[in-house]
Amino acid sequence: MNKKDLSLLVLILVVGAVVAFINPRFLYVGNLSNTLNQVGMFGIFSIAEAFVIIIGGIELSVGSVIALLGVLFIDLIVNHDVNWVLALAMIIAGGLAIGAVHGTLVTKIGIQPFVVTLCGLLIYRGAARYYTEDATAGFGFGASFPMLEWLTAGRTNVLGFPLPHSVIALFVIAVIAWVVLHRSVFGRYLYAVGKNEEAARYSGIRSGRVVIAAYVICGGLTAFAAILIAMYTRSISPAVHGSFYELYAIAAAVLGGCSLRGGEGSIVGVVLGTVLLQVLQNLVNLLGIPSSLNFAVMGTVILIGVLADQYLVQRRRRATTAKGQPQASGAGASLGGATAE
Amino acid sequence: MNKKDLSLLVLILVVGAVVAFINPRFLYVGNLSNTLNQVGMFGIFSIAEAFVIIIGGIELSVGSVIALLGVLFIDLIVNHDVNWVLALAMIIAGGLAIGAVHGTLVTKIGIQPFVVTLCGLLIYRGAARYYTEDATAGFGFGASFPMLEWLTAGRTNVLGFPLPHSVIALFVIAVIAWVVLHRSVFGRYLYAVGKNEEAARYSGIRSGRVVIAAYVICGGLTAFAAILIAMYTRSISPAVHGSFYELYAIAAAVLGGCSLRGGEGSIVGVVLGTVLLQVLQNLVNLLGIPSSLNFAVMGTVILIGVLADQYLVQRRRRATTAKGQPQASGAGASLGGATAE
Amino acid sequence: MPEPFLELVDISKNYPGVVALDHVDLSVSRGEVIALIGENGAGKSTLMRVLGGVVEPSGGLIRVDGAERRSLTVGEAITAGIAFVHQELNLFDNLDVAGNVFIGREPVYGGPLRLIDRKQLHAKVQPLLERLGADFGPDAPLAELSLAQHQLVEIMKALSLDARLVIMDEPTSSLTLTETDRLMRVIAGLKADGVSVIFITHRLNEVVQCADRAVVLRDGRMVGALRREELAPAAMIRLMIGRDLKSLYVPPAAPPGDSVLDIEGAVTSTYPDRAVSLSVRRGEILGLAGLVGSGRTELARAIFGVDPLQAGAIRLDGEPIRVAGPRAAIDHGIYLIPEDRKGCGLLLDVSIAENISLPDLSSYLRFFLVNTAQETENAKAQRERLKIRAPDVETSVGSLSGGNQQKVVLAKWLSMRPKVLIFDEPTRGVDVGAKQEIYDMLRRLTDAGVAILMISSDMEEVIGVSDRIAVMHEGAISGFLDRSQFSEHNVLQLAVGHAVE
Amino acid sequence: QAADKKVLAFVVNGASDFWKIAEAGVKKAQGELPNYDLQLKYPEQAAAAVQQRMMDDLVAAGAAGIMVSAVDPKNQTEHLNKIASQTLLFTTDSDAPNSKRIAYIGSSNTELGKDAGKMMLKALPNGGKCVGFVGLPGADNARERIEGVKETIKGSKIELVDVRGDEIDQTRAKRNVEDILAAMPDVSCMVGFYSYNTPRIYEVLKEAGKLGKIQIIGFDEDPITLGGVKEGSIAGTVVQQPYEWGYQGMKLMAKYIGGDKSGVPANGIIIVPGKVIDKSNVDDFMASMKAMLKK
Ligand SMILES: Nc1ncnc2c1ncn2[C@@H]1O[C@H](COP(=O)(O)OP(=O)(O)OP(=O)(O)O)[C@@H](O)[C@H]1O
Ligand SMILES: Nc1ncnc2c1ncn2[C@@H]1O[C@H](COP(=O)(O)OP(=O)(O)OP(=O)(O)O)[C@@H](O)[C@H]1O
Ligand SMILES: [Mg+2]
Ligand SMILES: [Mg+2]
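Chains A, B, C and D, in that order, give the protein sequences. Letter by letter, the first sequence follows residues 1 to 341 of this note's numbering. Letter by letter, the second sequence follows residues 1 to 341 of this note's numbering. Letter by letter, the third sequence follows residues 1 to 501 of this note's numbering. Letter by letter, the fourth sequence follows residues 1 to 295 of this note's numbering.
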């Protein structure tokens, strides 16, 4: 765990402690379990986004993909009686395909990632709305897929704590992503391409493939998250479902230390970023803050956290310099700090 | 006008011609005038965004600022009986102040622009909602500020064409912005800082000040746009007013040739980008396309345009190479193409 | 002579308005060390990029082990056993040293997972570090290394490849004598192992030291080749620029005046427990020598206000001044020409003219706007003066050859009226002919009353151009030398921290 | 203080003025229920997931009762049941009949649509082309209103040719009216299905000088809508009575928690009918609104 991640953890603990002090219900098992469930769902697509951000791209269509694939998934199993295992596989395949298309447009045709995925944002949302004729897609009353429901939206008791399966899924995905990013050769290539694509190519890395792979991974994970979210809400209004989620994802990634210039970011950070965002949401409701202030509270806490972190970093730096120890010149602050370029 | 801008213009003309062919009412004076009115409002804050993108930053709070300042403006003149000239000055000052805060947080404290303006997005939206207690702020029936209304939302007949004042404002702003960006010393500094901040600093450019100035300009222009938009809708639901407008602004800027890595972009391009986006909106209503497909049509046309442009560029390149002429290596496509890094 | 295993036949390369290579032939045999020399923009790097698979030639053939092809990709070049140290460094500052050296060829375990074997990675890098005498470890983050240290990492990268041919494009341009010597030994070792080396440099004594033959390019054409026994600086220069050069040192017109810039007890962040004091006098060139990482660049940055000075004072004409940032320094008449031209000196995709005018835009004002006509005119004048090889001044700097880029960096500052000029490696990658022009210009500047602090790792340059030499060792000045004491030996003694006898 | 009072929450489906009136009703109820802490909750987005989250959190925070205007009642059933199992649950505005909610209090959007349809028949005796404007055409309330209208005008010479959506973006809303005016010069009536749509129609027609030439039928009680009705340029508007929902609903919940279950009918449905406001009764209505919002 690096310094950035640590700062984020401290911020989460501080916020959590304050909330728990004001309203001890924050720590109730039910509440924690609900919050974790959210963390599970949001964390998965935030990790997806992080892959793309690390290679220096951006993926704006996350929310629309969640809407489109969610609608399709429900439609498949409810209206077309497709076996859910098959449906799940089809949806994931769809996500991978979307990722492949984005990656190809970015690398082979050479269109800016922002443009490609902005078009994606618009097109998938439109497709979802058109497909359902703007009607909500849902399970209706009594429709039941016990196994699927248990798997995706259920909870398992672990030492008396109802652990949501979504968070278990997140855990597994995060561990794999961590190994891939921080320990495997492929991860190394992701960082290398994100930092300096030209140099990566000179080093014999097929940067095009690496970029496409990042988008494909992102698409697949987003598809998986789309299924979890669909099973959680059990209904999808295609016009609004998942809208703004790309912003959540990017925010979690950036809070977790990713730089939009590419080449930086850690999985632990992204997960912690998600946790922070979800705790903040929970806080507003729990403390009875007017919901109109929900956004404002989120923004303020993030800003204060980043400012405090920056302040501490600067104090620490001054202290070490005074002690006459060598200091890393140009070391940015750990949390949300501008990454030196 | 550079090659990128030209491609964009061609795309707009093609789309316009197709629409006019299907529904000649597209070319009716009334319709053109309405579309131009939208171009005026959206163009102004897109130019604002472009300033920040050119220095390598990003401004995500555009939509929220438009909501907050719009609410405040209406509140000032309707409920507090503030003279509208004074209110206008106050709101613009507010926009400048917001820009100054963002710029300062980015440069002096060193927080990533994405984080700063994301917090802005959240906080201003919350502030607007809290201030009005989520109620719509509006003029009420019969409230009338004839002079202000004429100035901001009126139209003047020019050779029989009712030219909306918003587009005149955009024209004036665009001309000034063009001179500033493409001809003045300050403009040179903006591009230099966006391209290579380190090199700019070594050349004696106070990059911090330049960055702050860009955010301040962005804030001021956004405030002005907020007033125009408030006077157009005449009512503001703080929870949704202007939401997603930052995306429009960034999209217009990127379509117009700005690179999110900074250091690139032209004012003509940004204005053309806005025109394209607005023509696309107009097209959906005019051709009677289901409004659920609005987004999809926008996305598809942009994507097709970019792909066609890319295709032409590649053909042109192949042609010149075949003729044995030297070819510009690494020359990206002109529209939405990845800017070589 | 053994059969060449690699041949470039009739290679040409055209860029818009530029013929970079014009029907060039080159063959490489096993264990051969070839020096590739020529003026800036002669096409050396381009030729090597063709070989490294980075650039596709417009015409010609590449024959590798008898197989003919039109062009190579990077992958094919690596497979063919060609390792490439680029002139412009291509490293990842988000990885550590070991990660950079083995990028693309990491030792792996875990089967299809392909996890990185860190232990083995470090173990493989350690001997390379020792071979080059680097003072950093395999896990040092690259972001914290100096430019010269980056260059060492690049060289390690090439050495680690087990290549048949190592191409080094100006590997020594920011190295000092010590590291250069070590590199010469490494090259000799490679040769003994049967590895061939192509070596580009503008320091001709290095060619004499290690090359089996020298190939000379001019204007994209091969103009001659010298065998080992013909290798002498004068002969090479004649082939390169078509005329002879006079000696380096031109004495000042008048004896140096009062001190202009006084540094007293300056402490930089890398060496917080060392302080630097020195003064530069009006009309003199003070050379600042030292080993890689001795803190010269840090000092220059602190004087120029890029980094804050931890302690100490700066005086200009006897008056203490505060330098809050580069702008303040410039306003005081103190200019810095940075060593890292790509990172700090240039806007790569901007035209030559706009780069040159950038620090001094206010003097091109006309009604608050930039007078582009005047800008172009001035850029043209500078281009003439420094012989910048480019089709016109609208060309973007990124497409210039390394040496020509360096000339643009110089041109940025030379059109202004400084009091103190700090050059950090002013002639990095500049060819001998242009070097002479630059030295003449330095002298003209000092004769006009400017004080110059010239940081240089090029021993020949330090000794040949300076009026006085200061030597740094680990963040402090270890001694000054007057012209009478100038010698390689003395400079080196001070650079490693010994006293001069 | 507030912590030991029982919390009754009114969870709406998104921020709008409409709920301001309900809030007034809630406030009135609060005055009569000193032992309760009544809260009106706006989810920050009109999305089922956000609303569910909010209710989960409310239950976690110990709310004694929740009255909810579900974003998507059809598909939220399961979740509503989960809430109902932990606390007292009422629905309002849009019902979830299959859920285990105790009661529904509100109006029927289809009926409101029918009311509007009748008004259209009256305003356009010779028939004509109508275009509707709405925020989210797919949302249930929009669908039901549109259906109600269509059902009523079926067989007449009036035709609802299109309904344009605007994602609740006022700029788009106004733009849509402008565009329709340009695209369909023969349009003879416009219907604003959401509260803000009617004022936008009014403004565009006013700017185009078409007031009176094109009939306007509205829903809800935006001040500009009412002004237009009063002025005679808007044929009329159909309003619900959210004030009553808030007031009656909260009182009823408190009563129910207190053990008195008599207020809830067997099928659990309490309909508060809508009102048609036209020139004849607009003044009275405005006066009563003013009185309601004063509290
Ligand atoms: N991408 C490019 N686009 C246009 N011109 C180029 C490009 N790359 C190189 N050139 C031109 O090709 C010529 C040869 O350049 P090259 O880099 O090979 O020179 P060099 O011999 O290595 O010089 P130096 O000693 O300065 O490094 C130069 O005139 C340069 O301007
Ligand atoms: N960004 C940085 N972060 C941490 N340490 C750095 C950084 N830049 C340089 N250093 C360290 O500072 C020391 C002095 O470097 P400096 O660049 O001043 O040396 P120099 O004398 O100019 O030598 P040269 O440029 O030839 O390497 C080196 O040991 C280097 O590792
Ligand atoms: Mg070169
Ligand atoms: Mg140095």
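Just so you know, not all the hints are guaranteed correct.
What the hints assert, rightly or not - SDA-like cross-link-like pairs, simulated, lysine to any residue; straight-line CA separation at most 20 Å: (1) K129/D with L211/D; (2) K206/D with R261/B; (3) K82/D with H165/A; (4) K191/C with R30/C; (5) K419/C with R443/C; (6) K210/D with L32/B; (7) K150/D with A135/A; (8) K213/D with Q241/D; (9) K108/A with F186/B; (10) K342/C with R261/B; (11) K20/D with L32/B; (12) K290/D with N79/B; (13) K108/A with F141/B; (14) K82/D with M147/A; (15) K206/D with E149/B; (16) K27/D with H165/A; (17) K206/D with G30/B; (18) K279/D with T300/B; (19) K380/C with S415/C; (20) K124/C with L177/C; (21) K210/D with G30/B; (22) K290/D with F139/B; (23) K290/D with V78/B; (24) K5/D with V180/A; (25) K230/D with V29/B.
Honestly, the hints are just simulated from the structure, not real lab data. The structure presented is a predicted model; accordingly, all values stated were derived computationally and were not measured.
Hint check:
no. : hint               : result
1   : K129/D with L211/D : holds, 16 Å
2   : K206/D with R261/B : violated, 46 Å
3   : K82/D with H165/A  : holds, 18 Å
4   : K191/C with R30/C  : holds, 8 Å
5   : K419/C with R443/C : holds, 14 Å
6   : K210/D with L32/B  : holds, 18 Å
7   : K150/D with A135/A : holds, 18 Å
8   : K213/D with Q241/D : violated, 30 Å
9   : K108/A with F186/B : violated, 37 Å
10  : K342/C with R261/B : holds, 17 Å
11  : K20/D with L32/B   : violated, 38 Å
12  : K290/D with N79/B  : holds, 17 Å
13  : K108/A with F141/B : violated, 56 Å
14  : K82/D with M147/A  : holds, 19 Å
15  : K206/D with E149/B : holds, 14 Å
16  : K27/D with H165/A  : violated, 41 Å
17  : K206/D with G30/B  : holds, 14 Å
18  : K279/D with T300/B : violated, 47 Å
19  : K380/C with S415/C : holds, 12 Å
20  : K124/C with L177/C : violated, 26 Å
21  : K210/D with G30/B  : holds, 13 Å
22  : K290/D with F139/B : holds, 16 Å
23  : K290/D with V78/B  : holds, 18 Å
24  : K5/D with V180/A   : violated, 52 Å
25  : K230/D with V29/B  : violated, 32 Å
Hint violations for this structure: numbers 2, 8, 9, 11, 13, 16, 18, 20, 24 and 25, all remaining hints satisfied.
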